[in-house]
Structures are given as structure tokens and as C-alpha cells.
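Residues per chain, in single letters:
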Amino acid sequence: MGGRPLDETRLCEQARSGDVDAYEELVKRYQQLAFRTAYVVTRSAADAEDAAQEAFVKAYYALDRFRPGAPFKPWLMRIVVNEALNRRRAGSRQEGLALRMSQSRPSGGVAPSPEVAILDAETQRQVVAALNVLSERDRLVVALRYFFDMSEGEMAQVLECPVGTVKSRLSRALARVKEALPDE
Amino acid sequence: MNDRPRSLEDTLTALAGGIAFPPEPDLAPQVRARIRGPVVLHATPRHRTLLRFAVAALVLSLVATGVLFFSPTSRRAVADWLGVSGIHISTTPKRLPSNLGRRLNLGPQVTLAQANTRLGARVRLPSGPGVGAPDEIHTDPANPIVWLVYRPSSALPAAAGHDVGLLVTEIRSNAIYRSFYKKLLGTGATIRNVAVNGVPGFWIQGQPHLIEYRFPLGIRQEKGRISGNSLIWSSGGITYRLELARGIRDAETIATSLR
Numbered sequence: 002m003g004g005r006p007l008d009e010t011r012l013c014e015q016a017r018s019g020d021v022d023a024y025e026e027l028v029k030r031y032q033q034l035a036f037r038t039a040y041v042v043t044r045s046a047a048d049a050e051d052a053a054q055e056a057f058v059k060a061y062y063a064l065d066r067f068r069p070g071a072p073f074k075p076w077l078m079r080i081v082v083n084e085a086l087n088r089r090r091a092g093s094r095q096e097g098l099a100l101r102m103s104q105s106r107p108s109g110g111v112a113p114s115p116e117v118a119i120l121d122a123e124t125q126r127q128v129v130a131a132l133n134v135l136s137e138r139d140r141l142v143v144a145l146r147y148f149f150d151m152s153e154g155e156m157a158q159v160l161e162c163p164v165g166t167v168k169s170r171l172s173r174a175l176a177r178v179k180e181a182l183p184d185e
Numbered sequence: 004m005n006d007r008p009r010s011l012e013d014t015l016t017a018l019a020g021g022i023a024f025p026p027e028p029d030l031a032p033q034v035r036a037r038i039r040g041p042v043v044l045h046a047t048p049r050h051r052t053l054l055r056f057a058v059a060a061l062v063l064s065l066v067a068t069g070v071l072f073f074s075p076t077s078r079r080a081v082a083d084w085l086g087v088s089g090i091h092i093s094t095t096p097k098r099l100p101s102n103l104g105r106r107l108n109l110g111p112q113v114t115l116a117q118a119n120t121r122l123g124a125r126v127r128l129p130s131g132p133g134v135g136a137p138d139e140i141h142t143d144p145a146n147p148i149v150w151l152v153y154r155p156s157s158a159l160p161a162a163a164g165h166d167v168g169l170l171v172t173e174i175r176s177n178a179i180y181r182s183f184y185k186k187l188l189g190t191g192a193t194i195r196n197v198a199v200n201g202v203p204g205f206w207i208q209g210q211p212h213l214i215e216y217r218f219p220l221g222i223r224q225e226k227g228r229i230s231g232n233s234l235i236w237s238s239g240g241i242t243y244r245l246e247l248a249r250g251i252r253d254a255e256t257i258a259t260s261l262r
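These protein sequence lines map, in sequence, to chains A and B.
In this text, residue positions in the first sequence follow this note's numbering: the first is 2, and each later residue adds one.
In this text, residue positions in the second sequence follow this note's numbering: the first is 4, and each later residue adds one.
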């Protein structure tokens with residue numbers, strides 16, 4: 002577990018010195034997360050691709066402002082989120098698609114995880130429907146925490162706010178999900 | 004018995020692997036293509052900063068014969084959608100003329116000192132292999148616009164329909180950048196966001212297109228010029244535009260050489 006951060010630190014240092022190969026490795030490592038995060042905000046695959054690509058380019062040209070030794074992921078994802086929100090604010094070209102559950106196989110083509118398998122279809126449908134009525138900012142905090150497994154500390158960096166604010170935003174977002182769920 | 008998670012948090016965690024995200028594209032080749040030019044690392048101003056300080060809009064009327072077919076209604080809708088007041092998305096019912104090489108409809112030819120005065124700032128000149136002093140310098144008599152004209156050479160082949168190898172336009176105004184232009188070009192031309200010296204810009208490649216510049220006191224129409232590949236960006240209150248036959252790598256090299 003300790004090797005990965007060191008490896009990433011080295012990649013970042015090499016990229017900062019203009020090593021495009023090193024930066025490409027970082028792009029490959031985080032492109033799925035970047036694209037999916039942007040998609041949660043925009044709910045448009047085209048906008049998400051544009052936002053993620055633009056974020057990677059901007060991040061490259063901003064590497065001189067990246068603090069050596071700092072974790073790359075939240076720094077990058079902050080740029081991704083800003084790009085995605087900018088596109089959303091600028092006016093989406095099309096109505097966003099709703100998040101949905103995979104029909105039989107989750108994206109990635111593997112069998113459903115045991116955790117998904119134990120959720121009945123109706124529960125899945127209801128929770129995903131509730132997520133779809135959230136604002137993009139509420140949906141984002143939920144996704145960062147539960148879908149992308151970010152810590153509250155990482156989320157604070159991504160969202161550029163204190164950890165306490167992350168906690169309160171997450172709490173409010175969850176309350177809104179509950180409000181949107183049908184009464185049992 | 005169904006072993007369902009008890010809390011909403013547990014449910015959301017369990018859902019994580021089941022969300023049907025679209026297949027993610029391989030971004031690495033596109034990103035690499037955009038960053039393989041010379042790296043100049045310095046602060047990158049954000050688009051909204053550019054917008055905040057925009058004193059005039061650089062309005063692109065993208066005309067690609069047989070490519071754009073917006074009705075007046077849809078043009079207005081697109082303009083609203085872009086959020087650019089008064090934008091003109093022009094179309095033309097006939098082919099753009101192709102023999103305009105000697106008539107760029109630029110303003111009077113001037114010296115570099117006169118161009119500096121007209122622009123209200125120091126005109127920046129490119130340098131590098133095959134790019135020496137400009138063959139001609141022109142200014143617009145009514146607006147702070149300077150053109151640097153370079154004859155074709157082995158390093159700078161003539162742009163289609165022109166007898167110039169490179170045309171550098173410098174305008175004292177900021178451009179409005181939007182990421183949507185590429186959606187308007189159809190199949191004949193492409194536009195993409197690029198970083199020029201760390202500053203956002205865009206690259207238009209493919210079909211000829213016609214441009215207009217809008218200033219507070221009126222519109223400057225570039226009736227006589229039809230450009231091919233263009234690199235456009237703003238820095239320090241000046242909008243720069245390079246037009247050339249070469250591709251984006253050469254354009255970026257020239258852009259980074261401006262001094």
C-alpha cells in the first residue's frame with residue numbers, strides 16, 4: 002500500500018518537469034474517475050468527456066502550482082469538478098440523462114457485486130430515482146463519498162471547503178435523498 | 004430473509020458498483036496531443052476571469068459552406084444558448100470565393116512604431132525557423148487591430164486561397180471563450196479547446212470560416228479574408244489569432260515565440 006503514493010509522487014514530479022509520458026500515466030490512472038465524476042454533475046457523456054479532457058489539460062499546465070508530495074487525486078478532481086460545474090452553469094446542450102442502474106452487468110462488464118446483489122430491484126430503483134432529483138451539487142457530494150469512496154478530507158480538497166462544511170453538505174444531501182424516497 | 008442494508012449510507016455504498024456509467028473514453032491520446040507542445044508553466048487564468056474583463060467580444064461567425072444551416076430562429080437560439088449578446092452565426096448560400104489571396108482587405112500599411120501606437124500596446128512579434136520579420140504590417144484605421152503578414156516560405160506554405168504563409172492578428176480586446184463552437188461546425192471543420200502558454204484558447208481546423216470582431220462602437224467585418232486553420236487566445240488584454248496552413252503544433256510553436 003505504501004508503494005503507490007510514492008510512485009504517484011514520482012510521476013507528478015516527472016510530469017512537473019515536462020515528462021509527458023509520466024503525465025499520460027496519471028491520465029490513464031484517473032481518467033475513469035474524472036469522467037464518472039464529471040458525468041455525475043453533467044449527466045451527459047459528451048459534456049463529461051469534454052470536462053474531463055479539459056481538466057487534464059489545465060491540470061498539466063498548472064502543475065507548477067501543485068504542491069510537491071501532496072496527493073494528486075483531490076487536486077485533479079477539484080479541477081474536474083470545476084470544469085463540470087462550469088459546463089452545467091453555462092447551459093447544458095441537452096437535458097441530462099438520469100443516473101440508472103445497470104440492467105444486468107455493472108459498467109466494467111463484471112458480475113454485480115455481492116453488495117449490489119443483496120439490494121432488491123425496487124430499493125435500487127427508488128434510491129437512484131431519489132438521487133436524480135437532487136441538485137448536481139448534492140448529487141456530487143453523495144457520489145464522491147459513497148460511489149467514489151473519497152474520505153471527507155479528500156472531499157474537502159475537491160470541494161474547496163472545510164471538512165466541517167463537507168459533513169454538513171453531506172448530511173443535507175442525505176436528508177434530501179430520504180425526503181425523495183417513498184414512505185415505507 | 005432478505006439481508007438488506009439497514010441505513011441509507013449502506014445502501015448507497017452497496018449501489019456504487021451498480022450504477023450504469025457510460026463507457027469512459029480513453030482520454031490519454033487526446034490529452035497528450037494537446038500538451039505535447041512546448042511547456043510554459045505559469046498561472047492559468049480561468050475562463051470566467053477572461054469574461055469578467057472582456058471589454059469587447061470577439062465574435063466568430065463560422066461560415067462553412069455546406070456545413071452550417073441554421074435558420075434565423077435557430078441562430079438566435081444558439082446565440083442565447085452561448086450567452087453571447089449579439090452573436091452572429093452567419094451562413095452563406097453560395098460557395099466562398101477562393102481567389103482572395105491578394106486582397107485581404109486589411110487597413111493601411113504602417114511601420115512597427117505606428118502599429119504599436121494603433122494597438123495601444125507593444126505589438127508582439129513571432130520568431131523561429133522560417134519566421135523572421137513580417138513582410139508587411141497593417142492596421143485598422145478605426146479599431147485597435149494590427150496585422151502582421153508573412154509571405155509563403157518553405158516553413159510557412161501558403162494558406163488555401165491566400166498568398167500569405169502566416170497572418171498574425173492582434174486586437175486590443177479579450178475574446179469570449181466558449182467550449183461549444185465545435186458543436187456548430189458540422190463535419191467540415193473542427194474546433195477544440197487548447198492551452199496556449201497556459202491560457203485557454205481554441206483551434207479551428209478544416210473548413211474556411213469568416214470572422215467578425217465586435218467592438219463597443221460597432222462591428223468590424225473581415226469581408227475579404229477567409230481563413231483556414233486558426234489558433235486564437237487572449238492574454239494581457241490582447242486577443243491573438245494565427246492563421247496558417249500548418250497544423251496545431253506549428254501554430255503553438257509560433258504562439259509561444261511571440262515576444
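Hint data in this document are derived by calculation from the structure and do not stem from the laboratory.
Just so we're clear, the structure is a prediction, and the values are computed from it rather than from any experiment.
Heads up, the beta-carbon is just placed ideally off N, CA and C, and yes, glycines get one too.
One should not assume that every hint holds.
Below are the SDA-like pairs computed for lysine to any residue, each with C-alpha atoms no more than 25 Å apart in a straight line [stated by the list, open to error]:
hint, chain 1, residue 1, chain 2, residue 2
1, A, Lys59, B, Gln33
2, A, Lys59, B, Phe205
3, A, Lys74, B, Ala19
4, A, Lys168, B, Ile251
5, A, Lys168, B, Thr16
6, A, Lys29, A, Leu86
7, A, Lys29, B, Asp143
Between beta-carbon pairs, the in silico distance windows are [claimed, not checked]:
hint, chain 1, residue 1, chain 2, residue 2, range
8, B, Arg262, A, Arg173, 35 to 43 Å
9, A, Asp65, B, Gln208, 55 to 63 Å
10, A, Arg68, B, Ser157, 39 to 47 Å
11, A, Cys162, B, Asn119, 42 to 50 Å
message: Run through the hints listed earlier and report the numbers of any the structure violates, in increasing order.
response: 4, 7, 8 and 9
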